[in-house]
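Enquirer: Based on the sequences and whatever the hints tell you, model everything.
From first to last, the protein sequence lines stand for chains A and B. Going by this note's numbering, the residue at position 276 of the first sequence is 264; the numbering climbs one at a time, nothing skipped. Remember, this note's numbering sits 616 above the position in the second sequence when you count from 1.
There could be a bad hint or two in this list.
Derived contacts from chain A toward chain B, CB cut-off under 7 Å, selection only [as the list claims (entries may be wrong)]:
1. L21
2. T24
3. L124
4. T254
5. V276
Here are some chain A residues pointing at chain B (derived, C-beta under 8 Å) [to be verified]:
6. Q10
7. I79
8. N109
9. I119
10. V164
11. S188
12. M225
13. V271
14. V274
15. V284
Far from chain A by the CB rule (all over 12 Å, computed), these chain B residues [what the hints assert, rightly or not]:
16. L762
17. R817
18. A863
19. G866
20. L920
21. R940
22. V943
I should point out that these hints are in silico values taken from the structure, not numbers from a laboratory. All C-beta atoms, glycine included, are put in the ideal place defined by N, C-alpha and C.
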Amino acid sequence: MAGAPAAAPVSLRATGRVARRQAISRASRYVLLAATMVGVGVLAFLAYDVIRTGGSRLSLDFFTSYPSRRATSAGLRSSLIGTAWVMATTIVLAIPLAIGTAIFLEEFAPRGKVTAIVRLNVANLAGVPSIIYGILGLAVFVRGIELGGVQLLPKLGPSILAGSLTLALMILPMTVIASVEAIRQVPPSIRDGSLALGASRWQTVWYHTLPGAIPGIMTGTILAVARAAGETAALIMIGAFAFIAFDNKSLNDSFTVVPVQIYNWTTLPQEAFRVNAAAAIIVLMVSVIGLNLIAVFIRERFSRR
Amino acid sequence: MRAQASGIPRHLPANWAPNGPFTTPDASLSSLSKPTKTQTGRPMAAERTIPGSTDPAFLERQLRKSIRSRPFEFVIVGALWLCGLVTLLTTVLIVVTLFEETAQFFQEVSPAAFFLDTNWQPLFEPETFGIWELVAGTLNVLFWSLLFAVPFGLAAAIYLSEYAHPNVRRVLKPVLEALAGVPTVVYAFFALTFITEDFLRPILGADKVPIFNSLSASLVMAVMILPTITSVSEDAMVSVPRDLREAAYGLGSTRLEVAFKVVFPAALSGIIAAILLAVARVIGETMIVAVAAGSTPNLTLMPLESIQTMTGYMLQVGLGDAGRGTVQYTSLFAVASTLFVFTFMINVLATIIVNRYREAYD
Chain A
-11 MAGAPAAAPV
-1 SLRATGRVAR
9 RQAISRASRY
19 VLLAATMVGV
29 GVLAFLAYDV
39 IRTGGSRLSL
49 DFFTSYPSRR
59 ATSAGLRSSL
69 IGTAWVMATT
79 IVLAIPLAIG
89 TAIFLEEFAP
99 RGKVTAIVRL
109 NVANLAGVPS
119 IIYGILGLAV
129 FVRGIELGGV
139 QLLPKLGPSI
149 LAGSLTLALM
159 ILPMTVIASV
169 EAIRQVPPSI
179 RDGSLALGAS
189 RWQTVWYHTL
199 PGAIPGIMTG
209 TILAVARAAG
219 ETAALIMIGA
229 FAFIAFDNKS
239 LNDSFTVVPV
249 QIYNWTTLPQ
259 EAFRVNAAAA
269 IIVLMVSVIG
279 LNLIAVFIRE
289 RFSRR
Chain B
617 MRAQASGIPR
627 HLPANWAPNG
637 PFTTPDASLS
647 SLSKPTKTQT
657 GRPMAAERTI
667 PGSTDPAFLE
677 RQLRKSIRSR
687 PFEFVIVGAL
697 WLCGLVTLLT
707 TVLIVVTLFE
717 ETAQFFQEVS
727 PAAFFLDTNW
737 QPLFEPETFG
747 IWELVAGTLN
757 VLFWSLLFAV
767 PFGLAAAIYL
777 SEYAHPNVRR
787 VLKPVLEALA
797 GVPTVVYAFF
807 ALTFITEDFL
817 RPILGADKVP
827 IFNSLSASLV
837 MAVMILPTIT
847 SVSEDAMVSV
857 PRDLREAAYG
867 LGSTRLEVAF
877 KVVFPAALSG
887 IIAAILLAVA
897 RVIGETMIVA
907 VAAGSTPNLT
917 LMPLESIQTM
927 TGYMLQVGLG
937 DAGRGTVQYT
947 SLFAVASTLF
957 VFTFMINVLA
967 TIIVNRYREA
977 YD
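Expert: In structure tokens:
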């Protein structure tokens, strides 16, 4: 068209109202991007603030000393050991149970009312606040259940075992949901092939379904473990708030964990303890974000099928 | 799909039978496959053709029989049943413990005082237990955190689903989701030390901002629920079919108009579910409000006041060592029951909305 010498040049540029609509739409991209970056910015600033406050406190002494009334000599030793004990026990208790529940729901449960109720129930449990689990742990595990003079559940006191049982119940629903999703992703043709060749249902699950679902299950499990590692309220409710100046040796010991120690230091009035709290936050965040990254990595690595 | 309803695993065809004709030459089961003659060539007797052989209930029975004939399998399936029951048992335990101790509480405090009194003062004489001050604290934080989180969360969802280049989205989404993985005690520290002291006080004036105030907790809470709102509503927006967008573009809409007038309404049920999930997280969150919002029950929705939420009170009692049987101890369970009822209703509402108002485009 531009070649035609007599015609006035035709412009495809919009004018008037249309131009205004397009300009608003173009501008909206940057407004929305800015809104998206608020979250990212806060995360970055949180990291900066914590490192600025607590970075200088990170030294070997900080990891190897017990809590103390003097901020400069207080450390994370007992809470790190407590966290390791609680997390290990929680994993041992919760993960097999969660995978078992998921297999039951997806592969073995009769498709009926009962299963529908179990599914709905798992979804609802996932929405129960952690502090309610803490209260459950306090009433059931710490104080025990006694019915008519018979001790149905033993009194565990504010022990590692009671804390782990509480956390295990807390992360059970989300682990079950993730595992169910992962098992569902395994193509039915694999099961049919296995069954057609005469494998039993359990053999099919064990040799074919589970291996295909493992990456998804691991992703969900790691995220759940990261959540348990950062849990504070439920453990305070069951009484993990003691001053611990010894190394945990058994499941019956009283204990403290890193998040509870952070809470403790944050609420103390002296400014020096804030530094300790920030340093402990660096330790906790590195572990939790590390776990999250591992989960993301597994998801990315195995998501191509 | 009758077979699905009555117990055959859904990935198997309806006429499937365990240990079928090829592994166990069982006459009754071989009638499922085509041949009407047995291997000896004798025509099959009429009664050997089982009339209900395509009946799911019959197949179900065969399935059970084959499980029992393998002891190892039987044990495994039994163990899996037990696993399935643990989740039910958890719910039963929660409901029973909450109910039992709450009943104890209502023997000492009348329900009328609990629901109608507007003063919550459990630790000093005269003890009064009016739940509304704690509910108001929770609603206060809920209102202010949603006020900030909903616009930003939805803007981020629209950006990620409608504007962002796939590569940008692949990076931004996990970063935003990392916000959900930050332990809440870290947010609590951030709210108290940074938001209150370095942000609100210099801006609004130190005399106007008490050290414990609901606004700092709400702001940090908003950051905490951002990924919930963004992630869930972005999933809903992405699943709006391309045709709707293409049609709108074809009629001359700009990208912004497509996003707000086509995609947003089409994904509304998912967006509402996302917000409800965020609401449930806010009212159940403990550490942020316990550290940053104070421990003064206060019947107010003003942001610059020291307040106490339901969860904040529960943690306060948990920190002190209220003996079993004292009214402080049972009040813990009364508040917990209230909280449980709130979150339960919100979760159920979210499920109903997602199921009933889901726009099915398949």
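Enquirer: Does each hint fit the structure? Answer for all of them.
Expert: A quick look at each hint next to the structure:
no. : hint : result
1   : L21  : holds (6 Å)
2   : T24  : holds (4 Å)
3   : L124 : holds (5 Å)
4   : T254 : holds (5 Å)
5   : V276 : holds (6 Å)
6   : Q10  : holds (6 Å)
7   : I79  : violated (16 Å)
8   : N109 : holds (5 Å)
9   : I119 : holds (5 Å)
10  : V164 : holds (7 Å)
11  : S188 : holds (6 Å)
12  : M225 : holds (4 Å)
13  : V271 : violated (11 Å)
14  : V274 : violated (12 Å)
15  : V284 : holds (5 Å)
16  : L762 : holds (15 Å)
17  : R817 : holds (15 Å)
18  : A863 : holds (17 Å)
19  : G866 : holds (15 Å)
20  : L920 : holds (21 Å)
21  : R940 : violated (7 Å)
22  : V943 : holds (16 Å)
The structure fails to meet hints 7, 13, 14, 21 from the earlier list, while all remaining hints are met.
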